[in-house]
Amino acid sequence: MTLEEELKREALKAHTRRDFLTGCTGALGSLFMANAGMTSAFGAERIQAGPINFARDPRSPLAPLPPQFAPKAKRVIFMHMAGAPSTLDLFDYKPELEKLNGLDTPASFLEGKKFAFIRGVPKLLGPVYPFKQYGESGAWLSDRLPHISDHVDDICFIKSMRTEQFNHAPAQLLMQTGETRAGFPSIGSWATYGLGTENQNLPGFMVMLSGGSSPSGGTQLWNNGFLPSVYQGVNTRSEGEPVLYLNNPENVSRPMRRRMLDSLNRLNQETHQEYGNPETITRIAQYEMAYRMQMEATDVLDNMKESEKTREAYGIEPGKGSFANNCLRARRLVERGVRYVQLYHWGWDTHGDSKASAINEGFKDRCKEVDQPIAALLTDLKQRGMLDDTLVVWSTEFGRTPMQENRGGREMAFIGRDHNPNAFTIWMAGGGAKGGVSYGETDEMGYEIAKNPVEVRDFHATMMHLLGFDHHKLTYPFQGLDNKLTRVRPARVIGELLA
Amino acid sequence: MKYLILTLLPAVLLICLTLIFAPDGNIKNDWFRFLGGFHPLITHFPIALILFIPILEIAGLFKANINTKPVIDILIKVALLASIAAPLLGWSLAWGDGFSGDMVTAHMWAGVLVPLSCGLMLLAHKSNQMFMYFITMVVSVLLVSWTGFLGGQLAHGKTHLTAHMPDSLRNVLGIEKPIVVALDDPNTFFGGRIAPVLAARCVTCHGPDKIKGKLRLDSFAFLNAGGANGAVITPGNSTTSEIHRRITLPTFHDDFMPAEGNPAMSAEEIELIALWIDQGATLDIAAEAMAGAPVIDISGLPLEVIIPDYDPVGAETDRAELASAVAEIQAKFPYILNYVSRNTGDLDFNATMMRDKFGDTEFALFKPVLSRIIRADFTATSITDASEELLLGLTKIDNLRLNETQLSDQTVAKLSSLKTLRSLNIRNVNVSAATKNKLATIEKLYTN
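Chains H and L, in that order, give the protein sequences.
Quick note on this note's numbering: the first sequence kicks off at 521 and runs consecutively.
Quick note on this note's numbering: the second sequence kicks off at 3 and runs consecutively.
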């Protein structure tokens, strides 16, 4: 018996009575589905244009597909400030709160509220830094973001975001996947599933981390969930080789690598012919992409290819991994046709329990780390005419309290704020977002939403709209549900944010 | 006697059915709705057949040598069968789909009386009672016409026959012109207070551009005319008004309005609409008539977003002309040429991934599709002045990126003739100040 015959026999043996019965129910199910299809064909309202077909040749799973309607944004750079910076000290100016600084928090603020660390009666904490108006739009910003302040007329602030989670990991998951539990596709996965990517020599969805630690949501934040695995975000390292094992090992030449891949592909082809699993073809495609990436990725991720002047504009220190480095890489990636670039910058969890996490100390450094690179990125994109169709998002997972944190009911040495899921600010720029706009309002304390609340799913629906999709239509069938990024509750595309 | 029973029994049974199971406005089993869908189809048979009987009789008067009697006999029998089937299906539609209302009831009763009069006509014709035959024929013709007219009003709106009547004829017949003005007098309660709310909340989908469910809400006349499911307001009674039912449903309900995830109407808006309907829902109520009515500031209302319908059929038509040319190019140059969206035949061109491997020879192969390219990206490709004519063939171009190419000043200057161009990128292209000046009319010009 040849090896092949033996394998075939083993495969058959593995097919048990249970498998057979499972297969039967599957067949019943498909009969049912066929029938259900019939009724909907006759039903009056349900017959529209049918679901959008996202099927592709498994050999090119990232091939570009047109969106549903003409898009405003062709690509996305999403910057997530992991740990939740206090937007009360950056964008959401509260003069009333300033007046009440240091007073005991009224009981009505605390009744029925749960906090991560605040106990007893905390003191109110006004804006820690002075605010000023900038630009023609007169946006209020604190003095911590002097570079971004120059761009406010291109920025669309959403000051009335709220979330359902007050712990970092689930709140980050909600912001990135639309669901508070692990196992759901991230926005970047949905975008590459729906649109593919323009450059077949690079992944369509790339992730870069900075700030010394991964976001607490972990790799689930750029996971493909139930979507095919090719739509998962590819994480590059910020220091050293950006993509591990991309270069050929010593004494292995590129032609030799090619021959190895060819043999491997032949084997995989045979496996595919035998078992017919499309993921096998996808695997071949992934090997091929890695081979092409050897050339292109090394080149595109190399910031040294940029001029000294450009690197200086971003504030890049040579040889050091940083948010600035990642911002420049992000621009280089989207320029080469990468669909979705996700940046995480860690270290914003400013409780005030240590110097590094104090709003009057470590927070300043964090602001410094992101302010200049973000401004340089916006300038760079604008000069290149790319801001028109590149959506830049600055976001976080939740807000922080207008009260000073008093961990365990005691006064603390540094100034900090506790988690507040009820109100925070995020912003967008370019890609069809309306510049110079400030949408929504928090109350006079910046504690709750006073006007035009925006749920995370509303924001997702708006992003999908800018990318050319009705968020109801970008779906993937899984476990009996046509899953979508905005999940099951009604979500609204916020027209006020669209240019 | 047997013949008598056979002829009239179905008609009587039909009357009993409609008496006992009168449509009550609730949606029922899908089978009823499914069968009901055939009502508009079958309903044309009794109309045509019954109307043909007098025509045949009149024709018979002039051609004495033709014996029309056996033909008419068959005609009446088929008409009878059809006139039984049509109201039966109609009842199924009304019962299953939850139709109700005065017009539905009138249409239904006229409809179920047709087979009765048709049956009597058959008996009279059989037994040669010419006077009875004449009477029943006239009654049948009138009944079926009236039923058909009511049915037309149900399906196409009350004014379906008079809507486009010329004024001269309108004056002779004394028929008033239906109100079609879009704006109602702002001094009326409707025009000043209800219409702005409808405009902000409903008109995106129920307006001149998009008429979902055949319902328009951009004027009093349209609101009054109702939509595909009939009237949306019951003057004097908000609780039985469809519009009120829909806006007060739980948001997850399939019938909830505003649909598409748009936010629910506020309690004040709902109260305002209810008040107006309860007061009779007319145009005569003055804007200030109801002292306690809520005042709504529409400036703070959320902006509705028009989400283009997914229209693959329209796209296919739009693409048909160039489909094979596009497919050929896509096969030759994968990933460079794509449709802008799934709703159009317009094209997006991006050759930057090929860098200097994309030059004039390659671009020449795109000639057949140039006129449909909306966006073209040549960044860092090796095209030269040899492609000038091709570039000028981009007659629908909106966004053109030529940065980092070797094009000359003269060629770039000629791009000012591209009338649709709104964004041009010529960074790192060697162009003179004069050329930049010439191109200054382009909305977005990116230069060094």
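Treat the hints as calculated values from the structure; they're not laboratory data.
Please read all numbers here as calculations on a predicted model, not as lab measurements.
Fair warning: there could be bad hints in the mix.
In silico negatives: residues of chain L with every beta carbon more than 10 Å from chain H [what the hints assert, rightly or not]:
#1 Glu262
#2 Pro310
#3 Asp350
Pairwise CB distance ranges, derived in the manner of DEER restraints [said to hold, decoys possible]:
#4 H/Ser827 / L/Lys369: 31 to 39 Å
#5 H/Gly956 / L/Lys359: 35 to 43 Å
#6 H/Glu631 / L/Thr242: 40 to 48 Å
#7 H/Arg576 / L/Asp311: 37 to 45 Å
#8 H/Gln789 / L/Thr422: 23 to 31 Å
#9 H/Gly732 / L/Gln332: 44 to 52 Å
#10 L/Ala366 / H/Asp1002: 24 to 32 Å
#11 H/Glu837 / L/Gln332: 40 to 48 Å
#12 H/Glu816 / L/Arg424: 52 to 60 Å
#13 H/Gly738 / L/Ser268: 20 to 28 Å
#14 L/Asn432 / H/Gly956: 13 to 21 Å
#15 H/Ala636 / L/Asp187: 34 to 42 Å
Beta carbons: idealized from backbone N, C-alpha and C, even for Gly.
Okay, the hints, checked on the actual structure:
| no. | hint | in the structure |
| --- | --- | --- |
| 1 | Glu262 | violated, 8 Å |
| 2 | Pro310 | violated, 4 Å |
| 3 | Asp350 | violated, 8 Å |
| 4 | H/Ser827 / L/Lys369: 31 to 39 Å | holds, 37 Å |
| 5 | H/Gly956 / L/Lys359: 35 to 43 Å | holds, 41 Å |
| 6 | H/Glu631 / L/Thr242: 40 to 48 Å | holds, 43 Å |
| 7 | H/Arg576 / L/Asp311: 37 to 45 Å | violated, 24 Å |
| 8 | H/Gln789 / L/Thr422: 23 to 31 Å | violated, 47 Å |
| 9 | H/Gly732 / L/Gln332: 44 to 52 Å | holds, 46 Å |
| 10 | L/Ala366 / H/Asp1002: 24 to 32 Å | violated, 44 Å |
| 11 | H/Glu837 / L/Gln332: 40 to 48 Å | holds, 45 Å |
| 12 | H/Glu816 / L/Arg424: 52 to 60 Å | violated, 31 Å |
| 13 | H/Gly738 / L/Ser268: 20 to 28 Å | violated, 41 Å |
| 14 | L/Asn432 / H/Gly956: 13 to 21 Å | violated, 35 Å |
| 15 | H/Ala636 / L/Asp187: 34 to 42 Å | violated, 58 Å |
In summary, the numbered hints that this structure violates are 1, 2, 3, 7, 8, 10, 12, 13, 14 and 15.
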